[in-house]
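Protein chains in written order, with the numbering used here: chain F, 1 to 318; chain D, 1 to 318; chain X, 1 to 318.
Just so you know, these hints were derived from the structure itself, not from any lab.
Accuracy of the hints is not assured; some may be wrong.
[What the hints assert, rightly or not] A few chain F residues facing chain X, derived, Cβ under 10 angstroms: (1) Asp108; (2) Val113; (3) Ala129; (4) Ile144; (5) His164; (6) Ala203; (7) Lys222; (8) Leu240; (9) Gly279; (10) Gln308; (11) Met312.
Even glycine gets a Cβ: it sits at the ideal position worked out from N, Cα and C.
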Amino acid sequence: MTYTLSQISKTLNLDFNGNDIEIDGIHTLAEASSSQLSFFNDAKYAFQLPKTKAGAVLIDSEHAKLLPVSTIALITDEPYLKLAYASKLFAHTLSTVSEAPKMGSDCDIDESVRFGSGVVLGENVTILAGCYLGDHVSVGSNTILHPNVTLYHGTKIGRNCIIHSGTVIGCDGYGFAHTKQGEHVKIYQNGNVVVEDDVEIGANCTVDRAVFGSTVIRRGTKLDNLIQIAHNCDIGEHTLCAAQVGLAGSTKLGRNVVMGGQSATAGHLEVGDFSTIAGKGGVTKSLEGGKTYAGFPAVEIKVWRKMQAALMRLVKNR
Amino acid sequence: MTYTLSQISKTLNLDFNGNDIEIDGIHTLAEASSSQLSFFNDAKYAFQLPKTKAGAVLIDSEHAKLLPVSTIALITDEPYLKLAYASKLFAHTLSTVSEAPKMGSDCDIDESVRFGSGVVLGENVTILAGCYLGDHVSVGSNTILHPNVTLYHGTKIGRNCIIHSGTVIGCDGYGFAHTKQGEHVKIYQNGNVVVEDDVEIGANCTVDRAVFGSTVIRRGTKLDNLIQIAHNCDIGEHTLCAAQVGLAGSTKLGRNVVMGGQSATAGHLEVGDFSTIAGKGGVTKSLEGGKTYAGFPAVEIKVWRKMQAALMRLVKNR
Amino acid sequence: MTYTLSQISKTLNLDFNGNDIEIDGIHTLAEASSSQLSFFNDAKYAFQLPKTKAGAVLIDSEHAKLLPVSTIALITDEPYLKLAYASKLFAHTLSTVSEAPKMGSDCDIDESVRFGSGVVLGENVTILAGCYLGDHVSVGSNTILHPNVTLYHGTKIGRNCIIHSGTVIGCDGYGFAHTKQGEHVKIYQNGNVVVEDDVEIGANCTVDRAVFGSTVIRRGTKLDNLIQIAHNCDIGEHTLCAAQVGLAGSTKLGRNVVMGGQSATAGHLEVGDFSTIAGKGGVTKSLEGGKTYAGFPAVEIKVWRKMQAALMRLVKNR
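Please construct the entire structure, taking both the sequences and the accompanying hints into account.
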């Protein structure tokens, strides 16, 4: 989808009187191209303004001065709310239109499986009953989808993967702007999910599509059941997540990380390579790799054990 | 379904020798009408006995004296267990009988979608592959059901809602009476779920139907993935629940409450308007609105932070 | 599936020069029969070596001396990794081949339900839309499967059970061996799940099949929604698990155990009969029956309450 900036400005009720340009998407200040719209609503990213390549930016009048001359400012006091309204313009149109997928040899597809348009399957793909593959989904060779898996539009699954029943990949990330009246306005999630080769995902997991760009699960990672992966997470190679783990948005796990059952992260943080988070642990800030952490807020497990022992002594002394 | 009280008494093996009446349902002492059966099994509700409008009440002989003359007492030492047996009489009969729904203009319904009887859809409703809508479900205009959503009988979904894949709405609440031998007898959940307008519910959530009356999710509320809403919860307008939140039965959240990821409530309590519960928090009693809480049991977040700091000092002092 | 031991050795790149035998499966040292392969990778099970009835064992050269003369040693430094490769030989072959089930009278099966081969249903079984029953699944009389339930191959469901929507039974347990390069090699889960009579399982639960033998949910147990039961768990009769409970592998719950919402166990432990684990509790070691526990690590609830009170005093004293 492409709109002129003047069309977008009109939809958002914003002033615009410049040389019009074509806009074909939305992205962050750091990632946006000259045909994309971006937004600025957090002072900590001000340093990115002079360097942005965005065609246009939703921004307050004060910070607009920091933009390069090649970037058009759309002035607003509510850039994040305007972003939300703009995101709808680029949302995928859902429909029941179905088309036979392109597929390699030796695929075994149950007759009840439903496809959107433009689906591509490799060789020897097995898709059992009740699965749904939305528009432009791709699935690599030798991958197995167990019954009742849902892959939203644009999801890319690698080779030699196993996806267990009830798992949903590519559902919308949880992102909203808020009006002054306390209403929540959906930020349409126009990114996707990429699952690399040799990944296994358990049953009834949820992997959210990115708001921009991709949520990524890297090669060789294995997820257990009932796991939540929020939008824009990046899960390193050969990482293990036990059941009921929850990763908040933009969590970056390194390679060979181990997350114990029911552990979680707070989002926008990084867990280093070869770290272990014990079961029920809650990570609230970035953690150095190669160590084992426990508790909430998560600390090194030896510290956590001392905390438990200290608590127990307090009780015993009374 | 309607039964005479004498039929019900016979089924429950209870004595009844009075003027027979017709009973068409079961409800609480406070809510039951003169054509409904109620029950009394908790002394803290004794104050409701003189005021009940119930046609009949399952009750012990001592408390029966407190009932108004217009209410018939069915005397039993095990009123809750008898309630469980009675609830089965009013349970919905499940079947595969299917009927084309009534629908407004511009609906887009995948051919694999299965309907019970008496389903009503508004205009411009989109229902993708593999969804199931049970008997007498209604879905408001412009609402989208992503693939593989299940709506049990009697579920009411409002306008402009989005329900993501794998979510189950209207499944049975978790309610059992217990025999003296330690067996659990199902209390059939004969209420329903009402989802108001502008609600978004993430993937693989579960929203239980009410035992009596309705579980309600009010206007503008947004739920993330893998969330459990138990029977008879009432979630206020514009409330936000992050992934893996769990609300126990009869929790009442106010408006614009924010529940962090993996946080939970213990049920039969109230969280005030504009409260925030931090991630992993566990609410064990009703909380005043407008504040931020954390920890388990949840306390004000500034207190929780002091507790964590105190624990850390205990460790460092050794 | 049956292989000669020489075939298996060749596949695993192991030396074998003895009297060849036929191998038809894999099991633990304690349970393997003379036609099964076993493995030894944990010194704490060395006491089982002299008594094993296994036909052959993957084992290091030192411990191999402890095996009875009737058992063949397949010498390897990486017995667990070799086990993983061997497990694939015995994995069930997935396919979309479908066959009408054998069924008793008065069954009500939605036309969208998909069956593998060799499915057997009792009388008066109700299966609603979108369910999948894999090869050799059996379902007892009077059992109800709500829409979109998935039963993997070999799952056995008893009589008078209720399985709610989106629940997945028999998905693979989470078991991997690890290469020296940090890659994870799937241990194919060749056991199954057995659900006894009078069990109710809520919506969007996941019950993993056993790696060997069966994961068992015993008579009269009731599970709420979004619960994870890992491979080889054994859940006693009349046990109750509230929503979002997670049981790690080989957990044994006694009879009439109560697990509160979001509580969990660490696996390979036993919770005694008539125990209660409070909500959010985390069980890290075996617990004596008849008591109530809370916290993480779970302790008796009265101790946990004292710990919370002590923490609160620390804060108030400052």
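Hints, one by one, checked against the model:
Hint status for Asp108/F: holds, given a least beta-carbon distance of 5 angstroms to chain X, under 10 angstroms. Evaluation of the Val113/F hint against chain X yields a held restraint, the C-beta minimum of about 9 angstroms falling below 10 angstroms. Because the beta carbon of Ala129/F sits about 4 angstroms from the nearest beta carbon in chain X, less than 10 angstroms, this interface hint is met. This hint holds: Ile144/F has a C-beta 6 angstroms from the nearest C-beta of chain X, less than the 10 angstroms allowed.
Checking His164/F against chain X by beta carbon gives a least distance of about 5 angstroms; that is within 10 angstroms, so the hint holds. Taking 10 angstroms as the C-beta cut-off, the interface hint given for Ala203/F holds, the closest approach to chain X being about 4 angstroms. A distance limit of 10 angstroms between C-beta atoms decides the matter here; for Lys222/F the minimum to chain X is near 5 angstroms, and the interface restraint holds. For the restraint placing Leu240/F at the interface with chain X, the shortest Cβ-Cβ distance is roughly 7 angstroms, inside the 10 angstroms limit, so the hint holds.
Evaluation of the Gly279/F hint against chain X yields a held restraint, the C-beta minimum of about 6 angstroms falling below 10 angstroms. Hint status for Gln308/F relative to chain X: holds, with the closest Cβ pair at about 7 angstroms, below 10 angstroms. At about 7 angstroms, the closest approach between the beta carbon of Met312/F and any beta carbon in chain X falls short of 10 angstroms, and the interface hint on this residue holds.
In summary, this structure violates none of the numbered hints.
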